[in-house]
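*Asks:* Listed here are the chains, written in short residue letters.
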Amino acid sequence: MSDKVLLSVEHVKTYFDVTKGPFSRKQIVKAVDDVSFTIKEGETYGLVGESGCGKSTLGRTLVQIYRATEGRICYKGRDISTLTQNDRKEFTREVQMIFQDPYASLNPRMTVGEIIKEPMEIHKILSTSREREERAAELLKTVGLKPDHIRRYPHEFSGGQRQRISIARTLALNPKFIICDEPISALDVSIQAQIINLLKEIQENMGISYLFVAHDLSMVNYISHRIGVMYLGHLVEEGDADEVYENPIHPYTKALLSAVPIPDPDKAREKKRIQLKGELPTPLNPPSGCPFKGRCPIATEACEETRPELKDYKGHKAACFRIQT
Amino acid sequence: MMTYTEQIEDSMFDKLEESEKDTEFIAMESKTYLKDAWDCFKKNRLALAGLIFLLFMVVLAVMVPVLSPYTYDSQNLDVRNALPSMAHPLGTDKLGRDILVRLMFGARISLMVGFVAAFLNLIIGVVYGGVSGFMGGKTDMVMMRIIDCIYSIPSMLYVILIMMVFGSNIGSVLLGICVSSWIGMARQVRTQVQTLKQQEFALAAYVIGAGKLRILFKHLIINCMGPIIVSTTLMVPEAIFTESFLAFIGIGISLPQASWGTLASEARSVIQSYPLQIVWPVLAICLTVLSLNFIGDGLGEALDPKNR
Numbered sequence: 001m002s003d004k005v006l007l008s009v010e011h012v013k014t015y016f017d018v019t020k021g022p023f024s025r026k027q028i029v030k031a032v033d034d035v036s037f038t039i040k041e042g043e044t045y046g047l048v049g050e051s052g053c054g055k056s057t058l059g060r061t062l063v064q065i066y067r068a069t070e071g072r073i074c075y076k077g078r079d080i081s082t083l084t085q086n087d088r089k090e091f092t093r094e095v096q097m098i099f100q101d102p103y104a105s106l107n108p109r110m111t112v113g114e115i116i117k118e119p120m121e122i123h124k125i126l127s128t129s130r131e132r133e134e135r136a137a138e139l140l141k142t143v144g145l146k147p148d149h150i151r152r153y154p155h156e157f158s159g160g161q162r163q164r165i166s167i168a169r170t171l172a173l174n175p176k177f178i179i180c181d182e183p184i185s186a187l188d189v190s191i192q193a194q195i196i197n198l199l200k201e202i203q204e205n206m207g208i209s210y211l212f213v214a215h216d217l218s219m220v221n222y223i224s225h226r227i228g229v230m231y232l233g234h235l236v237e238e239g240d241a242d243e244v245y246e247n248p249i250h251p252y253t254k255a256l257l258s259a260v261p262i263p264d265p266d267k268a269r270e271k272k273r274i275q276l277k278g279e280l281p282t283p284l285n286p287p288s289g290c291p292f293k294g295r296c297p298i299a300t301e302a303c304e305e306t307r308p309e310l311k312d313y314k315g316h317k318a319a320c321f322r323i324q325t
Numbered sequence: 001m002m003t004y005t006e007q008i009e010d011s012m013f014d015k016l017e018e019s020e021k022d023t024e025f026i027a028m029e030s031k032t033y034l035k036d037a038w039d040c041f042k043k044n045r046l047a048l049a050g051l052i053f054l055l056f057m058v059v060l061a062v063m064v065p066v067l068s069p070y071t072y073d074s075q076n077l078d079v080r081n082a083l084p085s086m087a088h089p090l091g092t093d094k095l096g097r098d099i100l101v102r103l104m105f106g107a108r109i110s111l112m113v114g115f116v117a118a119f120l121n122l123i124i125g126v127v128y129g130g131v132s133g134f135m136g137g138k139t140d141m142v143m144m145r146i147i148d149c150i151y152s153i154p155s156m157l158y159v160i161l162i163m164m165v166f167g168s169n170i171g172s173v174l175l176g177i178c179v180s181s182w183i184g185m186a187r188q189v190r191t192q193v194q195t196l197k198q199q200e201f202a203l204a205a206y207v208i209g210a211g212k213l214r215i216l217f218k219h220l221i222i223n224c225m226g227p228i229i230v231s232t233t234l235m236v237p238e239a240i241f242t243e244s245f246l247a248f249i250g251i252g253i254s255l256p257q258a259s260w261g262t263l264a265s266e267a268r269s270v271i272q273s274y275p276l277q278i279v280w281p282v283l284a285i286c287l288t289v290l291s292l293n294f295i296g297d298g299l300g301e302a303l304d305p306k307n308r
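Chains as they are written, first to last, in this note's numbering: chain P, 1 to 325; chain L, 1 to 308.
Rather than coming from a laboratory, the hints here were simulated on the basis of the structure. A couple of the hints might just be wrong.
[Said to hold, decoys possible] Pairs of lysine-lysine, DSBU-like flavour, derived with a Cα cap of 35 Å:
hint	chain 1	residue 1	chain 2	residue 2
1	L	K35	P	K124
2	P	K13	P	K277
3	P	K13	L	K197
4	P	K124	L	K138
5	L	K35	P	K20
6	P	K40	P	K314
7	P	K200	P	K272
8	L	K197	P	K40
9	P	K76	L	K218
In this text, all values refer to a predicted model and were calculated from it rather than measured experimentally.
Please put together the full structure from these sequences, using the hints given.
*Replies:* Encoded structure:
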């Protein structure tokens, strides 16, 4: 891990216009609302939050599946919204994505070999089909599958194996940065660990940076160097993984962490769970003031009025007015 | 409560032989998609019978006019309205022309109209619908409104207008049939593409840098090939039917050329004296259309992955 910033996200907002028909009231979903963070080379940044908080949308915005409504996303110092056709090709070669559902992310009509060779064909890596085939077989070995699986179809594999194929496809381009959009949430627990370890191993060998999106805090803590916690489109806490995990300061992070199961029943009994009241508000009409105020156990009147900004608390950023320093 | 006093020793265990290691490994034979579909299709007796009949018809249509001593327009007034005999297997018509040769000559035209129309519909419909569904937004809206405009004029009107301008030949019949019949295909493909483009494999293709054309054809359209092939198959009988109908009411290819529709129309004038003459073309139309429908159904079942 070096100190060079690979990707910086500056005040990014991704809004969706969900207005029905030309005569209805304008309705906008604020999926990602003013998020900023940076990722360094070789670093893993874990992004956690409950379903619908905008973490996947943010991941997809970074690879331009969705366009950011406002703000800047800079990859190696260049704003990715201003890339030319050629630069975009370069960008797609270096920035890759692993998707959540291994059953949906592989084209059912292509063989594993074709799937892995496709990015190489698009970017004209290696010259002959033969060489690409060999490289594909090599990649299959890297991700722990057998090279002779190359002629099989995705439906012949299990979820974990498919996710490995997905990883092989992203690795085909020797990327510098991979966005992992909940790559383990559709898998069995035993397989989750395998995939996580595979990702870790790849990072150590190839020096890739990850943005690791997930809702399982203990998994994220295991793989990440730094963690960001999202709530309703906002980043509410950010810091070094262990720091956030051991010593959370935002009330939402505290509640999230108290819900992480502990495999020791004695310890689990001692632990106090913070139960949150209410539901995640809809991003269609987000509340004014602090987004978390409706469910926060320590909210005061001050939280109603203005939205707290991310502030530094001893190398540990959080957006809350009620943090005592 | 029972207690086990017996110790479990290492010696009680045997090591597996090397050859037994993989005994639990069961793998289905890796079949390609087409092979799988063909196996499924073969199990459907009606569809298979339909396919055999159709091939038989095609062979006859090619061979009979070549091998027969008669041509489709050679008249022999000595044997007018003859019943089936060795010389004329299906008899002759009111001008003494051999019905078998005329029927098979008609098969050439009818089948050609059917297949060419279906093929043109396939190409136009898939490309139009695919682009419309994939682009979405304003492009999609404009393209769909154009379709609505075309669709709002009865197709019979197109055929008659085209006939007036280009004359009564097989080309104008084809053009007339194709002008509006690709619309169903385009709508179907558009809907499929719209749902498929949200799937993660399409997004994955975008993320690895695939261009629009590649995503559309290599990832989206190939995944709706099943329904596309089925509706193409069902479009063949539709086109044959339309052509026959047009020929029967007198719009279509000009005499003495024959399609099944014109044969039926001619035979109608002598239906009271020689009813057998109308049976042949009608039978040919019915059986061909029926077998194509069976093939379509069989393909629908065979190509639907949910049936595996």
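*Asks:* The structure should be examined with respect to each hint, and the outcome stated for every one.
*Replies:* Now the hints, each set against the structure:
{"no.": "1", "hint": "L:K35 <-> P:K124", "in the structure": "32 Å, holds"}
{"no.": "2", "hint": "P:K13 <-> P:K277", "in the structure": "27 Å, holds"}
{"no.": "3", "hint": "P:K13 <-> L:K197", "in the structure": "24 Å, holds"}
{"no.": "4", "hint": "P:K124 <-> L:K138", "in the structure": "34 Å, holds"}
{"no.": "5", "hint": "L:K35 <-> P:K20", "in the structure": "46 Å, violated"}
{"no.": "6", "hint": "P:K40 <-> P:K314", "in the structure": "20 Å, holds"}
{"no.": "7", "hint": "P:K200 <-> P:K272", "in the structure": "32 Å, holds"}
{"no.": "8", "hint": "L:K197 <-> P:K40", "in the structure": "33 Å, holds"}
{"no.": "9", "hint": "P:K76 <-> L:K218", "in the structure": "32 Å, holds"}
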